[in-house]
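Chain B: place on chain A using the hints.
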Amino acid sequence: AQSVAQPEDQVNVAEGNPLTVKCTYSVSGNPYLFWYVQYPNRGLQFLLKYITGDNLVKGSYGFEAEFNKSQTSFHLKKPSALVSDSALYFCAVRDSTGGGNKLTFGTGTQLKVEL
Amino acid sequence: EPEVTQTPSHQVTQMGQEVILRCVPISNHLYFYWYRQILGQKVEFLVSFYNNEISEKSEIFDDQFSVERPDGSNFTLKIRSTKLEDSAMYFCASRNDRGRQEKLFFGSGTQLSVL
Chain A
18 AQSVAQPEDQ VNVAEGNPLT VKCTYSVSGN PYLFWYVQYP NRGLQFLLKY
68 ITGDNLVKGS YGFEAEFNKS QTSFHLKKPS ALVSDSALYF CAVRDSTGGG
118 NKLTFGTGTQ LKVEL
Chain B
69 EPEVTQTPSH QVTQMGQEVI LRCVPISNHL YFYWYRQILG QKVEFLVSFY
119 NNEISEKSEI FDDQFSVERP DGSNFTLKIR STKLEDSAMY FCASRNDRGR
169 QEKLFFGSGT QLSVL
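The listed protein sequences derive, respectively, from chains A and B. The first sequence begins at 18 in the working numbering and counts up one residue at a time. The second sequence begins at 69 in the working numbering and counts up one residue at a time.
You may find that some hints are simply not true.
[What the hints assert, rightly or not] So the derived label-pair ranges between C-beta atoms look like this: (1) GLU121(B) <-> LYS94(A): 36 to 42 Å; (2) LEU183(B) <-> ASN29(A): 32 to 38 Å; (3) GLN127(A) <-> SER141(B): 31 to 37 Å; (4) ASN85(A) <-> SER149(B): 44 to 50 Å; (5) GLY84(B) <-> SER43(A): 34 to 40 Å.
No lab work stands behind these hints: they were computed from the structure. As the structure is a computational prediction, the values presented were derived from the model and not from experiment. Glycine included, every Cβ here is placed at the ideal spot set by N, Cα and C.
Isolated chain A, as found in the complex (with noise of 0.2 Å):
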């Protein structure tokens, strides 16, 4: 079975702070994985993902992510926060041996920049 953890509901960050939105995984073999962004009354956008290669990957919007395999974690930052930011945040896997091809999303992170 695959599943994401994101440990927390909410992110407050002030404006031009770096932000960090947490993510931890669990698969049975080699991990894909995913952020995806949900402004209201849309659906999910793509950020970024790690299929393999560098450890640190970058996306859209100047966010990034570092898979630590070790901690099994696939944390998302971005290094100055604007307050165009502010979404709902959700990180997924999908378990890319013998692990079909759906992906499973975590709970979501409300992350709130302000001025």
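Chain B in isolation, oriented as in the chain A frame:
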């Protein structure tokens, strides 16, 4: 960027009625999905569809649910006899596996309200 289109954006129905949610995936995509999100909860996998058949389904996807790709462009989710607990936002998604893109494109969703 190409988009996944879902109709209607809102659907209100009486308990026990049949509903059909419609999706037009991106034209060269090969994998199709339905997910749902109950208000305030996580995004849950319902079913994946590939090569004109269901490739995987969750426990939620019981005999009341069915999917169809009737004409090579539309991808529909039918709920035969709706229950109150089927009220949720339903998202369609598609993916092109060429080049191991692994990126799911989501529609904006259909908000289903069962009264």
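Going down the list of hints, with the structure as the test:
Checked against the hint of 36 to 42 Å, the pair GLU121(B) and LYS94(A) passes, with Cβ atoms roughly 40 Å apart. Distance hint check: the CB atoms of LEU183(B) and ASN29(A) are about 36 Å apart, consistent with the given range 32 to 38 Å. At roughly 35 Å, the beta carbons of GLN127(A) and SER141(B) sit within the given window of 31 to 37 Å. Between ASN85(A) and SER149(B) the beta carbon distance is about 46 Å. The supplied range of 44 to 50 Å therefore holds.
Checked against the hint of 34 to 40 Å, the C-beta distance between GLY84(B) and SER43(A) comes to roughly 39 Å, which is consistent with it.
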